[in-house]
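Chains as they are written, first to last, in full-length UniProt numbering: chain A, 1 to 203; chain B, 1 to 203.
By construction, these hints were calculated from the structure, which means they are not laboratory data.
One or more hints might be untrue.
One copy or two, either will do: identical chains are not told apart, so a pair holds if it fits within one copy or between any two.
[What the hints assert, rightly or not] Think about it this way: if two alpha-carbon atoms lie no more than 35 Å apart in a straight line, the pair counts; the simulated DSBU-like pairs of lysine-lysine are: (1) Lys123 x Lys199; (2) Lys123 x Lys196; (3) Lys123 x Lys56; (4) Lys196 x Lys56; (5) Lys56 x Lys199.
Protein chains: 2
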Amino acid sequence: MFSSSPPSEKVPTPTAPPGSVDVENDDSQTQTPLPPPPGYGVTGIMRRWRHEDVLKRGSLAFRALVFLFSLLSFIIMATNSHGSGRNFDEYEEFRYVLAIAILSLLYTGLQSWRQIHEMSTGKQIISGRNLALIDFFGDQIIAYLLLSAASSAVPMTNRMREGADNIFTDALAASISMEFFAFFILGLSAMLSGYKLVKQTYI
Amino acid sequence: MFSSSPPSEKVPTPTAPPGSVDVENDDSQTQTPLPPPPGYGVTGIMRRWRHEDVLKRGSLAFRALVFLFSLLSFIIMATNSHGSGRNFDEYEEFRYVLAIAILSLLYTGLQSWRQIHEMSTGKQIISGRNLALIDFFGDQIIAYLLLSAASSAVPMTNRMREGADNIFTDALAASISMEFFAFFILGLSAMLSGYKLVKQTYI
């Protein structure tokens with residue numbers, strides 16, 4: 001289903017000017033030449049193309065946001081060393097936060113790179129079914145890990161802030177919050193990927 | 001691409017013996033001259049009923065298991081008081097574990113009761129669309145909470161077990177493990193509910 005759209009998309013565009021958006025070019029072509037009925041099937045397919053396009057862009061936007069929040073969490077935690085007893089790497093929960101931030105960075109970075117590459121070149125690196133599986137399970141597992149890491153670091157931070165509120169605890173709180181934001185958005189992305197997976201498999 | 005492969009797979013197997021798999025039975029039906037057509041629509045509907053039945057039973061089994069593990073986690077944590085410094089309610093993470101275990105107990109208990117009630121009487125308490133939404137979001141949110149609570153309690157337990165390994169820390173570890181099991185199973189249940197939601201909405 002998925003791979004059959006690019007060839008049929010290419011067919012009607014030999015006379016098209018090198019315009020900006022594909023969908024609009026397609027529209028003007030189907031409107032102008034044919035006085036007979038505009039073809040319900042064609043509009044249905046085009047509406048579906050546009051729907052898939054929105055899904056793709058939404059998925060890319062979600063992952064780019066997660067990349068941003070993971071990067072912030074990583075930077076804030078990695079630079080959080082202020083002398084003995086106030087280094088993040090003396091506590092396993094803060095090392096866990098850092099590790100999961102790096103993992104999330106790698107995952108969302110690779111996925112965003114792949115999506116941008118596919119959008120610009122139009123070539124698919126991974127085929128449809130496997131891609132949907134990787135998308136869904138990748139998003140869901142990284143979301144679980146982000147939540148787990150952020151949750152594990154909260155009690156110790158609370159305990160430290162009861163004693164003294166300084167730059168160390170503030171940076172901890174900031175890093176943990178960024179990781180929670182990343183979790184929320186990646187959870188939404190996982191729902192989107194799951195929707196695409198079920199819809200594709202049982203179309 | 002994907003939907004075109006099953007038919008081409010069916011073509012080379014018309015002389016196959018009546019095997020155990022459904023697909024092959026289907027094949028032999030279409031191949032034989034079939035004077036009395038056994039009603040393809042009826043078998044299709046019946047297969048779908050059976051499929052839905054399996055989904056329902058699987059969903060009930062998952063939730064009953066989560067109920068069991070939450071109950072264990074709740075009992076082990078609630079009885080875990082062994083004198084000053086060794087009471088679970090002196091630490092916020094262990095109170096969080098207890099609170100989420102109770103929440104999960106309530107949710108899975110109510111859902112299991114509803115499912116058993118519907119199976120025995122055949123009446124639906126909540127209508128289809130709303131039910132699928134409640135199922136999916138309920139499962140997913142409770143799964144996230146279970147993971148969050150279990151994760152938050154792990155670092156403090158580790159730290160205590162470095163000092164001394166006694167009945168208090170053992171009970172903590174047991175309760176946290178039960179909550180992790182509950183999370184795993186409820187995560188699977190959430191995937192099942194999500195599948196049912198997408199399939200039902202866009203059938």
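Item to check | Numbers of unmet hints, in rising order | outcome: none
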